[in-house]
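In order, the protein sequences belong to chains A and B. When we follow my numbering, the leftmost residue of the first sequence carries the number 531, and every step to the right adds one. When we follow my numbering, the leftmost residue of the second sequence carries the number 531, and every step to the right adds one.
Careful: at least some of the hints might be erroneous.
Identical copies carry no separate label here, and so any pair may be met within one copy or between two of them.
Claimed, not checked - As a list, the in silico DSS-like pairs of lysine-lysine whose alpha-carbon atoms are at most 27 Å apart: (1) K546 to K587; (2) K575 to K587; (3) K546 to K572; (4) K572 to K587; (5) K575 to K546; (6) K554 to K544; (7) K575 to K544; (8) K546 to K579; (9) K579 to K554; (10) K565 to K546; (11) K572 to K554; (12) K587 to K554.
Bear in mind the hints are in silico, worked out from the structure with no lab data behind them. Keep in mind the model is a prediction, meaning the values are calculated, not measured.
Read off the chains here:
There are 2 protein chains.
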Amino acid sequence: MCESNVYMLDNEGKQKLILEAVDKVIPAGDEIFFKNIFGQKKTVKARIKEIALVDHKIVLEENETKGK
Amino acid sequence: MCESNVYMLDNEGKQKLILEAVDKVIPAGDEIFFKNIFGQKKTVKARIKEIALVDHKIVLEENETKGK
Numbered sequence: 531m532c533e534s535n536v537y538m539l540d541n542e543g544k545q546k547l548i549l550e551a552v553d554k555v556i557p558a559g560d561e562i563f564f565k566n567i568f569g570q571k572k573t574v575k576a577r578i579k580e581i582a583l584v585d586h587k588i589v590l591e592e593n594e595t596k597g598k
Numbered sequence: 531m532c533e534s535n536v537y538m539l540d541n542e543g544k545q546k547l548i549l550e551a552v553d554k555v556i557p558a559g560d561e562i563f564f565k566n567i568f569g570q571k572k573t574v575k576a577r578i579k580e581i582a583l584v585d586h587k588i589v590l591e592e593n594e595t596k597g598k
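Looking at chain A on its own, in the form it has when it is part of the complex (with noise of 0.2 Å):
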């Protein structure tokens, strides 16, 4: 199977497992919901940072809030 594992960067730059098994990534607005194939469901308030398939990995990463 080809699901992503979905981890979130902390300020200090290590990667904090969010939610595993992740099919579904629907970005809304500053949000992106997720959904794994076991039905659960996440919504993390984050914008993506990278995706590496190959590696099964989706990396989150806080959203500016300055700027723009």
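Mind docking chain B on chain A? Use the hints.
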């Protein structure tokens, strides 16, 4: 392998293939950088509408120019 194909949604709701077998997805401002497993790179002015990993599909849509 677990790469996805990247599609752009046009005005008529049709999906046009942009790049196959994408591994890396890196958003940067109003653009998204893609790299596939063959080393092909592409940068597209768009935003992610939906990712369905089990379907190997990343769907993009045009940036909204109105509002923020």
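Hints versus structure:
{"no.": "1", "hint": "K546 to K587", "verdict": "both (12 Å within a copy, 25 Å between copies)"}
{"no.": "2", "hint": "K575 to K587", "verdict": "both (18 Å within a copy, 23 Å between copies)"}
{"no.": "3", "hint": "K546 to K572", "verdict": "within (15 Å within a copy, 29 Å between copies)"}
{"no.": "4", "hint": "K572 to K587", "verdict": "both (16 Å within a copy, 20 Å between copies)"}
{"no.": "5", "hint": "K575 to K546", "verdict": "within (15 Å within a copy, 29 Å between copies)"}
{"no.": "6", "hint": "K554 to K544", "verdict": "both (24 Å within a copy, 20 Å between copies)"}
{"no.": "7", "hint": "K575 to K544", "verdict": "within (17 Å within a copy, 29 Å between copies)"}
{"no.": "8", "hint": "K546 to K579", "verdict": "both (14 Å within a copy, 24 Å between copies)"}
{"no.": "9", "hint": "K579 to K554", "verdict": "both (17 Å within a copy, 11 Å between copies)"}
{"no.": "10", "hint": "K565 to K546", "verdict": "both (17 Å within a copy, 25 Å between copies)"}
{"no.": "11", "hint": "K572 to K554", "verdict": "both (10 Å within a copy, 23 Å between copies)"}
{"no.": "12", "hint": "K587 to K554", "verdict": "both (13 Å within a copy, 10 Å between copies)"}
Hint violations for this structure: none, all hints satisfied.
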